[in-house]
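Trainee: Residue-level listing of the chains:
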Amino acid sequence: MSEIILETRDLTYLYGKDTPFQKTAVDGVSVSIRRGEFLGVIGHTGSGKSTLIQQFNGLLRPASGQVLLDGKDIWDEPRKIRAVRFRVGMVFQYPEHQLFEETVRQDISFGPRNMELSEEEIAKRVASAAEFTGLKPELLDKSPFELSGGEKRRAAIAGVIAMDPDVLILDEPTAGLDPQGRDQLLDQIVSYHRRRHNTVILVSHSMEDIARVADRALVMNSGKAVMLDRIDRVFSRRAELESMGLRVPQITKIMSLLREKGYPVNAGVLTVDQALDDLIPLLRKRGCIR
Amino acid sequence: MEYLQADHVTFSYEPDEGDAPKEVLSDVTLGIKKGQFVALLGHNGSGKSTLAKHFNAMLLPSSGKVYVDGMDTSDESLKYEIRRRVGLVLQNPDNQLVASIVEEDVAFGPENLGVPPAEIRRRVDDALKAVDMYEFRTHASYKLSGGQKQRIAIAGIIAMLPDCLVLDEPTAMLDPRGRTEVLGTVQRLNREKGMTVVLITHYMDEAVLADRVVVMDSGRILTDGTPREVFSQVELLKRHSLDVPQATELIYRLKADGCPLPDGVLNEQECVAALELLLKR
Amino acid sequence: MHPLISDITLGQFLPGKSVLHRMDARVKIALTFLFILFIFIANNFPSLGLMVLLAAVSIGLSGVPARQYLKSLKAVVFVVLLTSVLNLFYGGGRLLLQIGFMQIRTGGVVNSVFIAVRIISLILFSSVLTFTTSPTDLTDALERIMKPLKFFHIKVHEIAMMMTIALRFVPTLLEETDKIMSAQKARGADLESGGFTQRIRALIPILIPLFVSSFRRAYELAMAMECRCYRGGEGRTKMKSLHMTRLDGAAIAFSSAVCLGVVLCAALLPSVFG
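Protein chains in written order, with our numbering: chain A, 1 to 290; chain B, 1 to 281; chain C, 1 to 274.
So that you can see chain A by itself, here it is in the shape it has in the complex (with noise of 0.2 Å):
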């Protein structure tokens, strides 16, 4: 198996095309994504994130360039398109809006039931989603619309990794959390994608967020993809970022102030006890630590 399981080769795409109002959304965007990895994908509104990511499960097609899958294109036989959303999974923003079964074990069964799974696979699947989720077993028979806010969030997701994708896409999964909540999802995201082995896409506004689950970034501008690497040399380019109107994290550009002012420190730090381990030493060099 190669080590690239989605690939873009000059992807392109167009909002009214032909109309005074057309717009290049994604222009001739080229990236590999890593079989395993945790990619973020960064980028203000009006990048083409979004549009981006729907080229990846064929939900919009390119007006030129390939989606590879396994470094096959998924437009090679359009008629087969569904089954390319069987392995590349995506839950939308504010997935809660998409319940609509009687139970939410019903809903979360869609999914696999639209892959024409056995039912006896179908509630196998439903069980380890709900688990991965961190759904009660007691809320699987209840309607989705008797849930809590964050328990709907959470059976949503659970009707896409039920699908058991090889690919799973978040579009702003943490969107409207408070920070209890979205600590929890992120932590849930994170033990998923260990436990399963697949491959991630996170996409965010917030950089905390990324800096937090994401191996890589991908920042995207203006309907290019500007940058693709490991996330704490992408967050090193402070300067680049702000730019582009977005803002590193708050530790970051602390560091990143230091590290400018002529400090030996990382300014590819993205946490706290990141900071912490830079800093410290420095101090106690200084005196300042006990």
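Read the hints as simulated data drawn from the structure, not as lab findings. Please note: incorrect hints may appear among the correct ones.
[To be verified] Ranges of calculated distance between the beta carbons of each label pair, as one might list FRET restraints:
| no. | chain 1 | residue 1 | chain 2 | residue 2 | range |
| --- | --- | --- | --- | --- | --- |
| 1 | A | D141 | C | G233 | 42 to 52 Å |
| 2 | C | F211 | B | P15 | 23 to 33 Å |
| 3 | B | K34 | C | L242 | 36 to 46 Å |
| 4 | B | D224 | C | T237 | 16 to 26 Å |
| 5 | A | D183 | C | F211 | 32 to 42 Å |
The beta carbon of each residue, even a glycine, is placed where N, CA and C say it ideally should be.
Take the given structure of chain A and dock chains B and C to it, following the hints.
Mentor: Okay, now just chains B and C, sitting in the frame of chain A:
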């Protein structure tokens, strides 16, 4: 008694059959002065939104009293006057817009108040200018971005000439640019027009913008003070699963290790300055 | 922005500064109804010709390019063709053509022409109205026109408010439908294939979330309206009001003259319908 006054307010929602009533607010007493910019901080379920809705008589306390400029919110006859003075902006930008055209939506409030047409026109124009959306006045409302829609919602409220603006998690559904637009507008209204602002939020980087931060948890007030005072209480906040700014946390943990560092550091600049003093030794 | 979303408003308003754009919406609505009525009163070629001329004048005065009108006719091309062809076989007069047992007589040809012209004129007059009048002005005008119905305990203001809110939410709900469709397609929903019943069933994962979401929107909107002191139509003023000008007076005068002409032609000249 302050301009907005909650006295020993307790509130429970009507329970579903068979369930016990859940107390959302427990004996809350809070006074907000005219012209203040107060942030009500807490995670979901802390009661902050519920308290906010008491200030414009959308909710009435199960026990205790709420007063707006001396008016008792439980007095039916004063309901609309209270709502004119205390405007409430909600979380979802889309579900506050009534009309297809921007200026018609902003006119909705004054029209309800029976304001004469020429005066409505004046207020709408002033309100749109105050939120920096005047050039969009004849645009279709659905085509605006989230941040723009929220600013229109704010304009719709200020066209009623309120004294106080209560905003219930106004940026929760917005992207970073929208958040900046809305927060900037709110700060400007407070500073330049003297509008009292009560900002309900779970983001501490918004709370630091206020004059005063009131932290709520489980229906009670946990702590109340300036942003610096509140965020210095790192232990307390962490115990209640609340965030502190990363700058504050960094300094706090270095202090715990013995470094002589000041309290109440809130932002990058202060943090870097404090660290430099030590690193320069 | 997804391809599905186009600028859909009620009948597509195309902003402009033409004579018709500047007319009072109430007058336009009333005249449109009047014209449609008179198309059916016209019973011979002279009277029909007057109405066709009126339609041409309206289109010209609207300042909207002809291709927009052609686009609006595209929708009914099939209906027009079908009804006019069917009408070919109904009517008296001299026999022109015999196909098997079906006969085309002069009466049929006349019927066919009349029905085609009537349907097309109806569409054109309606289009002139919707192209030159904003949805907001339309609902305002309807509210003003319906005011007398309050006497019969009909809630005129509430109906107008419902229309305004519905208009406002049509594009928003379309966007939402699109999002829900994408989300369900991502879960493997197949919205394209299968017979009629299969396709209808495939809509359930779209319609239920849409309904649920609409109820939630309604609840939140109602709360927002209350926060802005909404209490029904009592004591409510309006920022924009409709007023008639000399332009409207001239339009009414001109239209009345044409309609009088139609009545005269219809009454004094022989009808084509025997």
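Trainee: Taking the hints in turn, state whether each one holds.
Mentor: Do the hints match the structure? See the list:
1. D141/A <-> G233/C: 42 to 52 Å: Because 47 Å falls inside the window, the suggested range holds.
2. F211/C <-> P15/B: 23 to 33 Å: Once the Cβ atoms are compared, 26 Å apart, the range 23 to 33 Å for P15/B and F211/C holds.
3. K34/B <-> L242/C: 36 to 46 Å: holds, 41 Å
4. D224/B <-> T237/C: 16 to 26 Å: violated, 42 Å
5. D183/A <-> F211/C: 32 to 42 Å: Cβ of D183/A to Cβ of F211/C: about 33 Å, so the range 32 to 42 Å holds.
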